[in-house]
Amino acid sequence: GNEQGTGGDQECAGLIHGTQYLIIALISGGANTFGRICGFILIPRLPFKILQPILAVLLASCYGFLLLNTGPIWMEIIMAIIKIGYSMMVLEGWLLMADTTYFGTETIDRYSAIAIANAYVGSTLGTALAIFLEPHTAVLCTCVISVVQILVVWSMMKIR
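Residue numbers for the sequence shown, in our numbering: 785 to 944.
Be aware that one or more of the hints could be misleading.
[Stated by the list, open to error] Taking lysine to any residue and the SDA-like style, the derived pairs with C-alpha atoms no more than 25 Å apart in a straight line are: (1) Lys833 x Asp893; (2) Lys833 x Phe916; (3) Lys833 x Ile811; (4) Lys833 x Ala922; (5) Lys833 x Val932; (6) Lys867 x Cys927; (7) Lys867 x Met881; (8) Lys867 x Leu879; (9) Lys833 x Gln933; (10) Lys867 x Tyr904; (11) Lys867 x Ile892; (12) Lys833 x Val928.
Treat the hints as calculated values from the structure; they're not laboratory data.
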């Protein structure tokens, strides 16, 4: 305790709170870096039509687990898995935008511009969800978007 009333308990609480943010930042940054490294290893070895659906299902499943409120430790683990999967998807998405075999040489400029615009709209929408909605509602919306993403990836591959 703090007998003189100098705010020692408040300073300690602030330090613990700051430490928690540092741990979350390290987990997020580490997962992001790990996801990019995994992406550079897996993307040349697994074709888009295999890797993207796997990652999309992984993200949708993880967001579904987040809705179960499994506790703070599981939530951090699930968020790290989401960050890894998302980092790999983003990396593959950016590489895909320059792929002439996917978009064709005649239309790559148009389709790449559409894909880039969609990426920015998605980023803006995700930020808006996180800022303006309750966490549970934001996770629910993101889970639905992830399921839609699975359908979009499958439709791109003409899987029915």
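Now for the hints, and whether the structure bears them out:
1. Annotation: proposed proximity of Lys833 to Asp893 holds, straight-line Cα distance about 22 Å (limit 25 Å).
2. This hinted pair does not check out: Lys833 and Phe916 have alpha carbons roughly 34 Å apart, beyond 25 Å.
3. Between Lys833 and Ile811, the direct Cα distance comes to roughly 29 Å. Violation of the 25 Å bound is thereby established for this hinted pair.
4. A distance of roughly 28 Å separates the Cα atoms of Lys833 and Ala922; the hinted pair therefore is violated under the 25 Å criterion.
5. Between the alpha carbons of Lys833 and Val932 the distance comes to roughly 16 Å, so the proposed pair stays at or under 25 Å and holds.
6. In summary, the hint linking Lys867 to Cys927 is supported, as the alpha carbons are separated by about 14 Å, within the 25 Å threshold.
7. Annotation: proposed proximity of Lys867 to Met881 holds, straight-line Cα distance about 21 Å (limit 25 Å).
8. For the suggested pair Lys867 and Leu879, the alpha carbons sit about 18 Å apart, so the restraint of at most 25 Å is met.
9. Pair hint Lys833 plus Gln933 holds up; C-alpha atoms about 13 Å apart against a cutoff of 25 Å.
10. With a CA separation close to 18 Å, the supplied pair Lys867 and Tyr904 stays within the 25 Å bound.
11. Distance hint between Lys867 and Ile892 is unfulfilled; the C-alpha atoms sit about 29 Å from each other, more than 25 Å.
12. Between Lys833 and Val928, the direct Cα distance comes to roughly 21 Å. Compliance with the 25 Å bound is thereby established for this hinted pair.
Of the numbered hints listed earlier, those contradicted by the structure are 2, 3, 4 and 11.
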